[in-house]
Each structure stands twice: as C-alpha cells, then as structure tokens.
Amino acid sequence: MRILRGPFMKNVAVLASGTAMAQVLTVLAYPILMRLYNPDDFGLFALFGALNMTFVAVASGRYELAIVMAKTEEDAANLLALTLAIVGVVSVASGFAVWGFGDDMLALMGYQELGALLWFLPLMILTTTIAQVLSVWATRHKAYKRISMSTISRSVGVAAAQIAAGLVGMGVDGLVLGMIFGTVVSAVIVAWQLIRYDLPSLRLVINWPAMKRLAKTHLDFPLYSMPQALLSTTTVTVPSILLTALFNPYVAGLYWFTYRLFEMPITLLGDATRRVFYQRAAEMYHKGEDLTDIFIRTTGGLAAMVALPVVIMFVAGPWIYAVAFGDAWREAGVFAQWIVIWWAMRFISLPALMLVPVLNIQRKFLILEVVTLVPRFLVLPAAAWVSNVDVAIAAYSIVGFLFHFFSVMLVWRAVRDHRAALVQAATS
1 MRILRGPFMK
11 NVAVLASGTA
21 MAQVLTVLAY
31 PILMRLYNPD
41 DFGLFALFGA
51 LNMTFVAVAS
61 GRYELAIVMA
71 KTEEDAANLL
81 ALTLAIVGVV
91 SVASGFAVWG
101 FGDDMLALMG
111 YQELGALLWF
121 LPLMILTTTI
131 AQVLSVWATR
141 HKAYKRISMS
151 TISRSVGVAA
161 AQIAAGLVGM
171 GVDGLVLGMI
181 FGTVVSAVIV
191 AWQLIRYDLP
201 SLRLVINWPA
211 MKRLAKTHLD
221 FPLYSMPQAL
231 LSTTTVTVPS
241 ILLTALFNPY
251 VAGLYWFTYR
261 LFEMPITLLG
271 DATRRVFYQR
281 AAEMYHKGED
291 LTDIFIRTTG
301 GLAAMVALPV
311 VIMFVAGPWI
321 YAVAFGDAWR
331 EAGVFAQWIV
341 IWWAMRFISL
351 PALMLVPVLN
361 IQRKFLILEV
371 VTLVPRFLVL
381 PAAAWVSNVD
391 VAIAAYSIVG
401 FLFHFFSVML
411 VWRAVRDHRA
421 ALVQAATS
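Take 1 as the starting number for the sequence shown in UniProt numbering and just add one per residue.
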C-alpha cells in the first residue's frame, strides 16, 4: 500500500502550499521586525504568548480531538458544539481572572511592562481556540483549503500589523496587538466558512442530550489529553518565563526568536502532515486496518527530511545567525545548535503524537509526560545557579529530545499491539 502517494500526499500538498505561503510572508517580515524591535521586546512578547498558549491548551477540554474520530456526522456536529461551548466558558472565566488577579500576578512575577495588554488575553484565547477547533472540523471533512486560507490570513494580518506598529515605535505593544489582530482575522474567516457551508445542517442535529452523552463518552480527553497538553505546552512556554525571571528579557528574546525559526518547518510541513495523517489513521483504525505501514513510512519520511538541516545547524549555527541576522544575534545561533536536536525529534514524533488518541493510550502518554516534567523544570534553575545560559538551553533541549524519543517508542509498541490484536482476531 502506497500510503505516501495518492490522496494522502495530495491533501498534504494542499495544506503545505497554503502554509508555505504564510511562512514565506513570516520569513520576509522577520528581518524588518528585527530592526523595529529589540530582543527585550521579543522577550516580553514571548511571555504574553506563553500565557496564551497555556490557557489555549485547556480551553477546549481537548474534545476537538474526538471530532475527527466520531463515527457519525451527528456525533461530530455535537462534539463541535460541545467544544465551542467549553471554549466560550473558559474565555469568559479568563476575563474574570484577569480582572481579579491580573495586576497582582504581573507584579508578583515582575512583568509589569505588559500592563494593560493583559486585558487582551481573553480575546486572544477565544480566537486562537476557535480557529483551532474549526480547523479540526475542516480536517474531518478534508476541507483543507479552509485551513490554508485561515493560516495565510493570520500570517498576513500579524506581519502587517506588527510592522505598522513598529514603524510608529510601539515596542512590545505592537508585537502583541499585531498577533491579536492576525488571530482575530483568522478566526473570523474560518468561522464565516463554517456559517456559510455547514451551519444549516448543523442546526438540524445539534442538541443538548447528545452533547451531554458525548461529553461522558469521550471523558478521557479532558481527563488525560488535557493535562498532557497542558504539560506539553508548559515545556514550550516555561523557558520564556524562567529565562526572563532567572536571566533577563534579552536572553528570553533570543530563545524565543530561535525557537520560532525552528517552529516554521513544523508549521509548514509538519502540521500539514499531522492533520492529514490523523484523519487517515482514524479512518483506518475504524475500518480495522493495520497502522504499522503508515506509521513507519510517515515517521521515516519526516526523519529523512530533517537529517541534513540538523547537521548543518549543529556545526554552523552561530555563523549562520550572524550572517543572516547580524552579529547581535550570534548568541541565538549558539542556542540553535542545541534547540535543533529537540526540534528534530519533535518533528519526527508528530505521527506518534497523533496516534495517541487513535490508539486510546492517553493515560500512558500522560504518565510519560509527568515523568519527564521534573527534569525539565529543574535544568533551567540549576543552570541559572551556575550562571550559564548556554548550559540551560543545552540541558533543556536534551531532555526535550529524550521525551519525544520515548514518545515514539511508546506509540510504536501500541501500534505493534494493535497489529497483534488484528492478527489474533483474523485467525480466531
């Protein structure tokens, strides 16, 4: 079976082409942004983004993952309604949290520079999660052009708004407001597409009893997938927060910029592969088909893609950053030498992460996440104790690499168990 040919690769190409255009716009904007803003601005911007990502990880209860796996359109529609309702409640609750504790929280953490920007956090949480949930709905129906349009509109909106704000000297306010603007535009576009194409049929099948039933049926998602997603997000956001607190916003800005550059290939091809792979794997699982071939081929293909870039960046990272972005960013290239190892394993593990809900091993995956959480949280303060930020980045990246490596091994074992169960069922 040629998994990596035919409709699979066609769907990946549709998603990747739209994402590629979005990433090209982002790459073109970066040299301009780096001259309009300084690393301190990027450090505080990373903090706002970290707060948003943390809330987004729990804002939906992770019920959106069940949308693709639903066996009927009626169940999928009610899961969509359930997820959006939860998102609305969490967004409102975050607004009350900002109103009641926002200033005290910033003062405690020493980040008063964000100030009034924190009031925009509930809107950011709402629009980010809505766009994410509706993209999952589009994935179920293979409406990949909708996702591409949303991705492109977000990149255009963010880049244009941040550049405009930088030209008038807005500092970190411009970076945050630009991100909010692009995210709102993206959410509005994908929501309009849902209203235009799907709302008439959705209104006929959505009902409260079905939503309650499905909330109980898929309780594993908020019980296991949501804590796991929160922990996983924390591993990305904690460095920005701790590097600011333990060192300074300048160091956090260098880290954020480096991480964002590595995030682009994951967004470009990894997310496209992930969405199509998830839809295809869920479909195969429901049909009782073996997942071994699609898992090996997709994981191996991603590994082949990153091998050469990893070697180049590990050998020449500081030189590449100094030439491309200026000597002031050479230290970010030192960070890149280590982050590339973590990033590569994360990229390779994307198919494995998508098989976790398909194979119903959320509980095992949560245990793995918890076990690796302690060393992740300890390495940065330990490195700060010896006042060596390079050691901090290297140690954190190695722990991240090990987590994703063991994730692939965990899923590979589950895939083999699934295959054995299919063979046993066929011969009994």
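Some hints could be false.
As the list claims (entries may be wrong) - When the alpha-carbon atoms are kept at most 27 Å apart in a straight line, the in silico DSSO-like pairs for lysine-lysine are as follows:
1) 145 to 216
2) 212 to 71
3) 216 to 364
4) 145 to 364
5) 216 to 287
6) 364 to 287
7) 364 to 71
8) 287 to 71
9) 145 to 212
10) 287 to 142
As the list claims (entries may be wrong) - Each pair of labels, with its calculated beta carbon distance range:
11) 427 to 374: 40 to 46 Å
12) 260 to 308: 29 to 35 Å
13) 326 to 382: 39 to 45 Å
14) 30 to 168: 17 to 23 Å
15) 323 to 287: 47 to 53 Å
16) 296 to 93: 24 to 30 Å
17) 188 to 360: 42 to 48 Å
18) 88 to 420: 31 to 37 Å
19) 378 to 163: 37 to 43 Å
20) 327 to 101: 40 to 46 Å
21) 145 to 427: 25 to 31 Å
It is worth saying that the hints were derived from the structure and are not from the lab.
Treat the numbers as computed from the prediction; the structure is a model and nothing was measured.
Note that CB positions come from ideal geometry on N, CA and C, so glycine has one too.
Quiz item: Can you list which hints this structure breaks, lowest number first?
Solution: 1, 4, 9, 12, 13, 16, 17, 18, 21
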